[in-house]
Amino acid sequence: MASGAGALTLATPTPPGARRLPTPLWGGAGGGGALAACLAVILLALVLAPLAAVALRGTGLSLGPADWAAVRFTVTQAALSSLIATVLAIPVARALARRRFFGRGVLVTLMGAPFLLPAVVAVLGLLAVFGRSGLLNRVLEALGLPTISIFGLGGVLVAHVFLNLPLAVRMILQGWLSIPAERVRLAQSLGFGPAETLRHLEWPMLREVLPGVALVILVICLTSFAVVLTLGGGPAATTIELAIYQAVRFDFDLARAAGLAGVQVVICALAALAAWKVVRPAGFGAGLDRQVAFTAPGGWRKLVDGAAITAATLFLILPLLAVALRGVPGLADLPPSVLPAALRSMVVALTSAAVTTVAALLLALAVARRPSALIEGAATLPLATSGLVLGTGLFLIVQPYTPPMTVALPVTILVNTALTLPFLYRILLPQARALQADYGRLSDSLGLQGWARARWLVLPRLAQPLGFGAGIAAALSMGDLGAIALFAGDQQATLPLVIQQLTGAYRLEAAASASLILVTLSFALFWACDAGGRRAAA
Amino acid sequence: MKTTLLAAGLVIIAVPAMAETPVLTVLTYDSFTSEWGPGPAIEKAFEATCACDLQFVPAGDGAALLARIQLEGAASDADVVLGLDTSLTAAAGATGLFAPHGVTATTTLPVDFADPLFLPFDWGWFAFVHDKTKLAEAPTSFDALAASDLKIVIQDPRSSTPGLGLLMWVKAAHGDRAGEIWEALADNIVTVTPGWSEAYGLFLEGEADMVLSYTTSPAYHLIAESDDTKAAALFDEGHYLQVEVAGKLAATDQPALADQFLAFMLSDGFQSVIPQTNWMYPAAMPEAGLPEGFDAFRPAKSLLLSPEEAQAARDAALAEWQAALAR
Chain A
348 MASGAGALTL ATPTPPGARR LPTPLWGGAG GGGALAACLA VILLALVLAP
398 LAAVALRGTG LSLGPADWAA VRFTVTQAAL SSLIATVLAI PVARALARRR
448 FFGRGVLVTL MGAPFLLPAV VAVLGLLAVF GRSGLLNRVL EALGLPTISI
498 FGLGGVLVAH VFLNLPLAVR MILQGWLSIP AERVRLAQSL GFGPAETLRH
548 LEWPMLREVL PGVALVILVI CLTSFAVVLT LGGGPAATTI ELAIYQAVRF
598 DFDLARAAGL AGVQVVICAL AALAAWKVVR PAGFGAGLDR QVAFTAPGGW
648 RKLVDGAAIT AATLFLILPL LAVALRGVPG LADLPPSVLP AALRSMVVAL
698 TSAAVTTVAA LLLALAVARR PSALIEGAAT LPLATSGLVL GTGLFLIVQP
748 YTPPMTVALP VTILVNTALT LPFLYRILLP QARALQADYG RLSDSLGLQG
798 WARARWLVLP RLAQPLGFGA GIAAALSMGD LGAIALFAGD QQATLPLVIQ
848 QLTGAYRLEA AASASLILVT LSFALFWACD AGGRRAAA
Chain B
1298 MKTTLLAAGL VIIAVPAMAE TPVLTVLTYD SFTSEWGPGP AIEKAFEATC
1348 ACDLQFVPAG DGAALLARIQ LEGAASDADV VLGLDTSLTA AAGATGLFAP
1398 HGVTATTTLP VDFADPLFLP FDWGWFAFVH DKTKLAEAPT SFDALAASDL
1448 KIVIQDPRSS TPGLGLLMWV KAAHGDRAGE IWEALADNIV TVTPGWSEAY
1498 GLFLEGEADM VLSYTTSPAY HLIAESDDTK AAALFDEGHY LQVEVAGKLA
1548 ATDQPALADQ FLAFMLSDGF QSVIPQTNWM YPAAMPEAGL PEGFDAFRPA
1598 KSLLLSPEEA QAARDAALAE WQAALAR
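Respectively, the protein sequence lines represent chains A and B. Each number in this note's numbering corresponds to the 1-based position in the first sequence with 347 added. Each number in this note's numbering corresponds to the 1-based position in the second sequence with 1297 added.
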């Protein structure tokens, strides 16, 4: 409510090309800008130095025809996954935005869960529903219909949509909720029907939000490894990440690994550029922060909304339920190493989340204030980075100075921070832009700078996306395995590593239980941050 | 200045403490060092005899081990590398980082095996494992498997040692017919997983009738879970071997201790731990013999390409496999 008074005077959209007041370099957001540029450079170095270290150890770059086939398959499956997840998320987010029903809050929170599942756990959950002896095929058999096979490109798409639909829904829902209540009221008093609401309110919002959503999912799917390989059905489904894995692990061909990682970075940069070209600010202006009350149209639209919510819920909840049911029986006799590993993972996750949140906030605020290709690029690039190349490169850099085992946890935190920052940045950016457009000039003219600006303007207004983003960062850091695998000694195993060791020793029941603990802890961290953010915003 | 003095002081305290017990560092794969793997018991047994500190450093799976040694080069802290298999030893030997072990010992291996650089510590036969209650009549050859409509899960030869082992199995058994066999098998393969654990998990979940594993896998279910429903299908053409080996790094700062460890590796203190932790055949027969179930599925014929043959055959076999399965 602290910002309510200022909002009254600034309730008009910022005209395009409005002149900005000059700000002193070391005052408030100006200083933030310089700091953000430093951060961006550090981030770029963190991503590119390991790549260079790997490339320098190899000799000459050579990519064969099989590598280009992998590039084609990777781009195809990532583009399709991103398109399907984004398109399907729109009706679900819209239904969630304009309907109120029992359990809505819980559902919105649960939406985060699949995204946070380690890939292998998610695949087993999906198989319980879509697999050969899964629920769906049993129903089909009972009805006398032919059964389906999940393996192949279809299965890859199902898994990627399962993992990323929730993220897309949450990001788009955020967009719907950021349409000021005043605009909605105005639309209602002007007698807007669903078609006009779509054209004047919803479409401009989607135009701003969707490219970022599609980009994030595209890039996540570009580097997907275990899902594609397990469900892909064979060597035709070879991704760049698998080719990198093969190059490092089996052929020790670091030049090829670096070449492939470079191709991955270029594809990501092109995608980011394309998304950046189509983003248009919605320009709604500021509101009084009242709860948005969309008219909930009745008739067939109510049925459509109901169907969208029900279908999405079943699709997301059933595999999660399967994961939970698989994990419960073995909980009683878990090996003792699970507990310290879980604690270690929590420490890593919370530290990574804290660092990432601060860094992403600084970057998003700086870009909202002054568009910067450097920062945009630095904040997107880590998404496209192969975890394996990053880990290998850091290993090569660190090894001459200290045994890599001794820095396992700091390196893991560093890598997690780099890899999760792009998510937070994307989540924060739209609202950081709105904040700048709506309140930037007022707070500048009031001389509201530095900590006071953060305390009274930025943190209260961005509390919700900050909480959501910190939750995502913490949960993703819980599940991350990429970096630690090369560094971890006996004493630093994190929970995902212990799970991998258990599955490697026939102990699938214990692994299922440890996975359940991992998922529960990730989800608890996510929930705590997300709910905290929402409470602070209320 | 104070910190420099402090650091100097710490170094003075630390150096004699380190000199008292020599440390032997053994680089191995993850599941070897885990608390349910062979590592802890072996560490205890060896430390009781060596007056040293044995440290296992885990480095992913067997294939990751080789990459790790190549990454570290001669600067490695490791003294011994344990867990490579014979499809990787030719590449490992070619790095020039390993020194001869000098051990001459007869092993339980069903084939002749002598490698100056690498000493076997356990071995197993690859086999397709199935559930007897769901599949009473298992196929008895690759041809029979390909002709059936059974669904199988295999591992990717580009990321997993069992996957590479299967590639060598088909090559060793059928030579020029290997491509034909793979084309015939293509419609039986449900999916190709990155590693052994994913494939075995899919099989236990009921996604496939059979999975590429080892003849000793049913023994795990029998001993650890009192479940005798799992069986390994015996193929007429014979079964390919996985031989797991260890080697001494030439740049070790503890050569005597490394030799002592390699000799210990074939003694009872090491070998008696292997069957029920690594679920492979011990390379030297333990005094207590083999646990129950280890004799249940013994192939009549064993296949193994020499490390040089395996390395020479790999690229062509991989291309053949990819062409047949990419469809």
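If you're looking for bench data, these hints aren't it; they were derived computationally from the structure. Note that the structure is a prediction, hence the values are computed from the model and not measured. Please note that a few of the clues may not be correct.
What the simulated footprint calls covered on chain A by chain B, stretch by stretch (three residues with Cβ under 8 Å from a Cβ of chain B suffice, anywhere in the stretch; the number is not a length) [stated by the list, open to error]:
1) 455-464
2) 578-587
3) 593-603
4) 609-616
5) 676-690
6) 742-753
Which chain B residues stay away from chain A? Per the calculated CB distances, all over 12 Å, these [as the list claims (entries may be wrong)]:
7) 1411
8) 1430
9) 1525
DEER-style ranges, computed between Cβ atoms [as the list claims (entries may be wrong)]:
10) B:1473 to A:399: 43 to 53 Å
11) A:680 to B:1391: 38 to 48 Å
12) A:492 to B:1432: 19 to 29 Å
13) A:686 to B:1391: 51 to 61 Å
14) A:434 to B:1473: 27 to 37 Å
Here a beta-carbon is modelled for each residue, glycine too, at the ideal position from N, C-alpha and C.
- prompt: Which numbered hints are broken by the structure, listed smallest first?
  reply: 1, 4, 13, 14
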